[in-house]
Amino acid sequence: MLSTLNTRAARAQEHLNIVIVGHVDHGKSTLLGRLFADTGSLPEGKLEKVRGICERQGKEFEYAFLFDAFLEEQEQGITIDTARTFFQWKDRQYIIIDAPGHKEFLKNMISGAARAEAALLLIDAQEGVKEQSKKHGYLLSLLGVRQVAVVVNKMDLVGYRQDVFEAIEKEYRAFLTQLKVSPERFVPVSAKLGENIATRSRVMPWYTGPTVLDTLGLFRKETEREHQPLRFPVQDVYKFDARRILAGRIAAGLVKVGDRLVFSPSNKTANVKSIEAFNVEPVPTQAKAGQSTGITLDEQIFVERGEIASYPDAAPLVSTVFRCNLFWMGRRPLETGKRYALRLATREVECEVETIHRIIDAGDLDARQTQTTVGKNEVAELTIRTKLPLAFDLYSDFEATGRFVLVDQYDVSGGGIITESVRDAQTVLREEARRRDIAWVKGDVGPDDRARHYGHRAALILLTGGPPSDKSFLARRLEVRLVADSRHTYLLDGGNLRRGLDTDLAEEDGAEMVRRFGEVARLLIDTGLIVVSTTNTFGRIDHQAIQTLVHPTPVVTVHLSKTQETSPPSTDLAFAGPKDFETIVDRIIAELKQRGVLAQAIGAKQQFHYSI
Amino acid sequence: MNAHLRQLEDQSVYIFREAYKHFENLAMLWSMGKDSTVLLWLARKAFLGHVPFPLIHVDTSYKIPAMIEYRDRFAREWRLNLVIGQNTEALKNGMNPGLGRVECCTALKTNGLKNLLAEKGYTGVILGVRADEEGTRAKERYFSPRDKHGDWDFREQPPELWDQFKTAFPQGTHIRIHPLLDWTEINIWEYIKAENIPIIDLYFDKGEGTRYRSLGCAPCTFPIKSKAKNVDDIIEELRHTTVAERSGRAQDEGRGMELLRKDGYM
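First to last, the sequence lines map onto chains A and B.
The first sequence lines up with residues 596 to 1207 when you count with my numbering.
The second sequence lines up with residues 428 to 693 when you count with my numbering.
Worth double-checking, as some hints may not be accurate.
Stated by the list, open to error - 16 angstroms max Cα-Cα, derived EDC-like pairs, lysine to aspartate or glutamate:
#	chain 1	residue 1	chain 2	residue 2
1	B	472	B	583
2	B	490	B	628
3	A	933	A	947
4	A	641	B	499
5	A	644	A	657
6	A	883	B	437
7	B	472	A	871
8	A	816	A	712
9	B	448	A	943
10	A	644	B	561
11	A	641	B	622
12	B	620	B	663
13	B	448	A	854
14	B	448	A	633
15	A	1037	A	1026
16	B	472	A	949
17	B	472	A	943
18	A	971	B	663
Hints are computed from structural coordinates only; laboratory data are not their basis.
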């Protein structure tokens, strides 16, 4: 006991999160109870108290009772929910997460394992490798837990036989190898009897490796992520006073005062002016991976929660399509074509599953063939399409920006890791826009300054569909009304460009014409104008191209048609039948107000809900 | 500050900022104890000196008087928006610990809080519970939903992974937010020392050989034997103790805490 007290007195230099997983009844809670009891780590009287309860209730004492807190858990003898316990040994503090092994509570196991840096995976020597042994192994690899030690428990029930242990090791090692997980070691134990838990077993002399307690000590602390390129997802923007502070937690790398940052997917750039903190002396000049911090910029650029700041030469990927591995824990099955909210770091976008490539049955890793749903507790390989461009990384490059969750209605229902970025129709133009924006030479007047002086922000209004005469008339009316209202507006007609800028192009160079139109619109927008455009000759794909080139400027698409027809996707306003053009103009102006382009308060001080 | 405390601080600040972003009507519980005072300090960290939501104190009327003085002093100094809730009806009808501890806690604390939540319509409530305090809290989430009656369905807790929390919820329900979940008792004291946080002196021995280790209502909270006179002494004492923190809290007897918490106790 004395030695325990001495070790506890030593200052914990390091902290490590460990999860204990495995099939139900393979002895996870017992292992944990035994580990605490045999190292003198239980609070005084706890062991006696639980023994007393067992005696009164006339049941045999089990070490598992020490941690199964809910009455129901003790009655049923299973762990329902993940418990966190703190265990101090030598100069390390372990946060040990006891995850439930029952299939029904898989999402609780995931909550536990997601925060672990290493795992102990238990297998019952008598029962051997079971369904959940494999599922948990697979989920650990998906959750990014790379350090795994396999504990073969209940060796007492198989007469401490070496051949039983070795057969399990062989079978399970082969399974993990397919997942590219290489277990650190296999340890034969009897948790109930304390063999190879804290002290070396005398009844298994054939095993010379470390005990469970030693195994904990052999787990390595996760390597620092500060040596990677910067990833700083914007969590919120605070305006408590005159400063505009971008708050967030650095996911990777380092940010310093003076660094030039690009925000994805908007491609806006600015330099770091200061690092903000409360009660920190001296005032910090940098912040690194893992830190929750705040920065101010040297320019008042408009960035919102969800953007990822990085260095310009090492920015994240941006696309609307990617391939991923995902596990589903929703009440309802995941369906292709249905809308879900996707959350990646601090960004939330609408998405749908485009293709389910295969369902991976973790049991034997074989794949059921293509289908349209993924059931609860299944793992699948998918292609996902987002409604808006998403900045992300491959999971193999960056953990925090390479994984996401799907939200079905109110519930986080799935978790996935991105394995591949898929090029969509806009990839080439998006890359052009990004290169151009990052290198863009800016004057001293920024978009916020222009907005203050003009009383509105820049925007693009795209008129589509209907007879050319209608669109042209509407565009002219809109321009007149906006200018009459002191809004700086310009009608950009595609035809005008063809007669000047595009005279070197042939009819079949349509794509280049679209690109040039987009770049001209981008220039006009940069001057702070509201650009109204009738692009008679361009199709729907071309309109997407134009939107990509002017991103992230607000674009209002207005579709006119003679009869009630389905308007193209991502149309903001659609009008069918005979036209009352003045009403349509009113509706467009209302839309501009709603999008903040014509906000009344531009130039006024930001309103902030703060009650002191 | 050591690396682990910094990690805990960073995680708590992240949780605070998520809460503030997602909940229009947010409030935080402050009991003036060490945990919720560290919680308050972390809010000031997260919002750079500001506390942009009200602080709730559910006053059972049985609190130790020094706690009320301390509350009013820092509410003034830190310019806090303090909201005080009390189940006046239960008190009028004579509720007191003598009628049963669980009954008293349920009426004056749980129902006192529920009434206030209903009245003010808070949808997010930040609390300073820690996983190492007692068994059921070890199973909590950072963002933990409560149903229309304020009850906790511990069988159906939301998954929590990769810092993505449950921030969407049906009307009429609310979410409890627990930024201190990963902190241990000793972490709290180490942080108080590192940040020099002014803490109520009931935690220190003033020469009588006793101090409070956990603070609650006067009738149900008992001092422990200890000669710890300052934060350093307490940290040193905690490094050696094997006595549970809440051993001086009567409500933890038997299954008291599981039953209380299932019904919405903090």
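So, going through the hints one by one against the coordinates:
For a cut-off of 16 angstroms, the pair hint linking residue 472/B to residue 583/B is broken: about 32 angstroms separates their Cα positions. Between residue 490/B and residue 628/B the alpha-carbon distance is near 15 angstroms, which keeps this suggested pair within the 16 angstroms criterion. Simply put, residue 933/A and residue 947/A have alpha-carbon atoms about 6 angstroms apart, close enough for the 16 angstroms limit, and the pair holds. Simply put, residue 641/A and residue 499/B have alpha-carbon atoms about 39 angstroms apart, too far for the 16 angstroms limit, and the pair is violated.
This hinted pair checks out: residue 644/A and residue 657/A have alpha carbons roughly 12 angstroms apart, not beyond 16 angstroms. For the given pair, residue 883/A sits about 11 angstroms from residue 437/B by alpha-carbon distance, which is consistent with the 16 angstroms threshold. At roughly 10 angstroms between alpha-carbon atoms, residue 472/B and residue 871/A fall within 16 angstroms of each other, so this suggested pair holds. Using a Cα cut-off of 16 angstroms, the hinted pair residue 816/A and residue 712/A holds, with the two alpha carbons roughly 7 angstroms apart.
Distance hint between residue 448/B and residue 943/A is fulfilled; the C-alpha atoms sit about 13 angstroms from each other, no more than 16 angstroms. Restraint check: the Cα-Cα separation between residue 644/A and residue 561/B comes to about 14 angstroms, which is no more than 16 angstroms; the hinted pair holds. Our distance criterion of 16 angstroms between C-alpha atoms is broken by residue 641/A and residue 622/B, whose separation comes to about 33 angstroms. A distance of roughly 12 angstroms separates the Cα atoms of residue 620/B and residue 663/B; the hinted pair therefore holds under the 16 angstroms criterion.
This hinted pair does not check out: residue 448/B and residue 854/A have alpha carbons roughly 27 angstroms apart, beyond 16 angstroms. For the hint linking residue 448/B to residue 633/A, the alpha-carbon distance of about 45 angstroms lies beyond 16 angstroms, and the restraint is violated. At roughly 20 angstroms between alpha-carbon atoms, residue 1037/A and residue 1026/A are farther apart than 16 angstroms, so this suggested pair is violated. For the hint pairing residue 472/B with residue 949/A, the CA-to-CA distance comes to about 42 angstroms; that exceeds 16 angstroms, so the pair is violated.
As the CA atoms of residue 472/B and residue 943/A are separated by approximately 25 angstroms, the hinted pair breaks the 16 angstroms bound. Taking the CA atoms of residue 971/A and residue 663/B, the gap is near 49 angstroms; set against the 16 angstroms cutoff, the hint is violated.
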